[in-house]
Amino acid sequence: MSAVDTQPPTVTEAVTTRGRSGAGRTRASRPTAPKGRGPRARKSPLLLVVMVVITVYSLLPLFYLVVNATKSQADLLSTFGLWFGPDFSLFQNIGETLTYDNGIYLQWLGNTVLYVVVGAGGATLLATVAGYGMAKFRFPGRRAVFAIVLGAIAIPGTALAVPTFLLFSAVGLTNTPWAIILPSLISPFGMYLIWTYAVDAVPTEVIEAARMDGAGEFRIFFTIALRLLAPGVVTVLLFAVVATWNNYFLPLIMLSDPKLYPLTVGLNQWSAQAVGVSAHPIYNLVVTGSLLTIIPIVIAFLFLQRSWQSGLAAGSVKA
Amino acid sequence: MHKRLRRGLSALAIGVTATIALAACASGGSSSGGSSDDMTKALEKGGTITYWSWTPSAEAQVAAFEKAYPKVKVKLVNAGTGNDQYTKLQNTIKAGSGAPDVAQIEYFALPQFALADSLVDLKSYGFDSLESKYGAGTWQSVDLDGKVYGLPQDSGPMAMFYNKKTFDEAGITTPPKTWDEYVADAEKIHASNPNAYIAADSGDAGFTTSMIWQAGGRPFEVKGTDVSVNLQDGGTKKWTSTWNQLVEKGLLSQTPGWTDDWYKQLGNGEIATMVTGAWMPGVLESSVKDGSGNWRVAPIPTYDGSSDVTSNNGGSAEVVMKQSKNPALAAGFLKWLNSSQDSIDVFLKSGGFPSTKAQLSSSSFTAEKPEYFGGEAINETLSKASSDVAEGWQYLPFQVYANSVYADTVGQAYQNKTDLNAGLEAWQKAIVKYGNEQGFKVTSK
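In order, the protein sequence lines correspond to chains A and B.
Here this note's numbering runs 4 ahead of the position in the first sequence, where the first position is 1.
Here this note's numbering runs 638 ahead of the position in the second sequence, where the first position is 1.
Don't take each hint at face value.
Claimed, not checked - Derived PhoX-like pairs: lysine-lysine, alpha-carbon spacing no greater than 20 Å straight-line:
1. 1071/B / 263/A
2. 876/B / 1071/B
3. 995/B / 771/B
4. 713/B / 263/A
5. 1071/B / 1083/B
6. 683/B / 713/B
Just so you know, these hints were derived from the structure itself, not from any lab.
Here chain A stands alone, though its shape is the one from the complex (with noise of 0.2 Å):
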C-alpha cells in the first residue's frame, strides 16, 4: 500500500474553516471573508456596534441565569428579572437542586458525563481514526465515502432522530444509555475535519521513514500521526463534547426512564412541572440546574481553547 496525500476531492474550505484558518491556500472560494491586507486593520465604528449588540445578546441570558439563580421561587415571580431580589438564596437553591426528588439532579449529571464521556470520547476516537486513514491511504471505493460522509453533514441529526428511534425500538435498545450512545460515537464532520487537517498536519514523508524503520501501521498512528493531529482532534473532542452535553431531542423520545435522563431532558421535565392540573412550578430550580449545568462546558471550553487556538496558529503557518 503506498502512501499518499489524497486530499478530499474539492468542495473543502467551506468546512474546514471552522477548523484552521486555511491560509492562502484556496482563498478564492471565500471572496466575502474579510481580508485585513495590512498588519494595521483599519477601525470600524460599525464593525464595532454589531459586535457590542452581539456581545450583549450572547451575554444577556446567562446574565439573566446568574441574577435569578439567587431567588427564591417566590422572588422569582415578585422582583424584577434582570436585577438582584431582596434575598441571596443561591446556596440555598444549589442545595434544593442537588437534593430535590431524592437527588435525581445528580443522577442526571451522572448520566450526562457517561454519555459525553463514552459517547463524545468513541466519536472523537473514531473521528480521527477513520479521517487519518482516508487522508493517508488510497483504496477503492473512497470517493464513494467521500460522497457518504458530505451527505451526512448535510443531514440535522434532529432530522434523523425519529428513523434512529424506530431502528433503535426494533432491536430493543430504545431506553437504555446505548440509545443515547450509539449515536453520538457517529460524528461526520469530525472525520471531515481530522481527514482534511491530516493531509498537512502528518507529512507522508514521515509516515514513510517510519515504515523504513519498520513499525507498524498502529504503531505509527499512535506514536506519530496521533501527536501531530493533537490540535485537529482537540477541536474535534471539543465540538462532540458541546454537542452530546447539550443533546437533548434524541434523549428526549429514546429514553422513558426519568433515571436515564441527561440534564438536558430532566431540567425540561422540572419546567414542564408548572403545567396542568396538579401544577408545582419550581423554575428557581430549573434556574440554578440551567446555571450548574453550564459550568462544566465553560470549564472544557475555557481548558480545551488554549490548545485549540494553539492547533488554529499551528494549521495557518504550515503553507
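On the provided structure of chain A, position chain B as indicated by the hints.
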C-alpha cells in the same frame, strides 16, 4: 422560557408517534380478560408492576399501597407531565415493549389510546360496577363505546376563580353571573388599571373545548373510526360571540398560561379571573402565595343566567396498558388507587380535587374554609359544580395532536385580535386533514 420551541418540538414528536400508534393498532399485548377473582388472587400472590404518573401524591399513595399489600412492589416512574408522557407512552407502544402496567392519562387524551387498542378493557375485572361511585360527567370520560378504559383519579368541573381585590378596585361588587356581565366587567377592570385584565387567554385548546362544552356545543362526534367535526355548531358560536368581544377589544392578557409571568400576574392581581377546573385551589395555594386572601370562587357564568351548567376541564384517569404482563395485578392496584378511601385520603391531602361522589359530598370536605380563599367554603361551590357538568361531550380520538396545532390556527386569531370563528374553521380543516391521513373517516359538518 422557550414555550413555543418546546411546543413545536413536542408537536413534532406527537405527530410522528401518533402515526406510529395507529399503524401499530393491531399489535396489542396479552389481551386476556381476567376476572375480579384473578385480581384478588394476583394481589395476594404479589409481584412487581410499573406505574407512570406525574401526580404529586403518587409517591405517598404507592407507599400506602405497598404497606397494605406487602407482596406487591410498585415501581413509580415520572415519565413527564401530560404531552411529554404521552409521547413516551406512544413510543413504547410502537416499540412493543417498555410500557408501564398502569399509567396516568388525562381525559382528553384517553380516547386516543383507547381507540389504538393500547388499553385493557377493565369491565371483566368488574370495574363497571364502580360506576355509581363517580359523577356521571366524569365516568363518561372513561366509559367509551361500552368499555371501561380507566378509573377516574380526579375531576375538573369548571368554576370561576376571581381576585376579589382586583374586583373591588374596579368597583365590581358581585361576581358576574352571565357572560354578558363578564364582558362588561372585563371593560371595567381594564379601564381602572391598564395592566389588569379579566383573564389571561392567549389561546388554549383545552380551555376552548371546555368553553364550547359549557355553551352546549358538541363539535366532535366519534363512533369507532367515524368522526364528524363541526366547530361552527350552535354552542361553539354562542361561545365565540362572547369571547370574540374580549379578543377583538384586547381585553385578555396575552401572558401564556403556566409561565413564570402568568404565576406572577396571578399573584399581583393583574389577572382578575380564571375560568378553570376545580383542581385550581391546590395550585393557587401551593404556588401563588402572593395571592393569598384575595382569591374567591363562584360558579361559572352562564349564557341565560338562570340554570347552572358547567363542563369539565382537566383531570386524569389511570389506565392499565395492554402491554402489561400482569394485568390482573395492575387492575388490582388501580382499583385500590382510585376507589379506596385510604388512597383518596392521601390524594386529597396533597390538594387534589376528588372524582368520587362520597368525597364530593362529605361534610368534612364541603365545610372546609381555607384561609387562602378568605375563609369561604369554596368546596361547596366546587362540589355543586361537579353535579352541574353537561353530559354528552366527546373528545377526538387524536385530540393530543389536534391540540398541538391549535396555536397555528385559532391561536392566530388571538394574536391578530380577529374573529375566532375563522380560526376555528382553520382548526377544523387541520383536524379533518390529519384524521383522514391517519385512517379515520373524518367528515366536516
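Provide an ascending list of the numbers of those earlier hints which the structure does not satisfy. Hints 1 and 2 not satisfied by this model.
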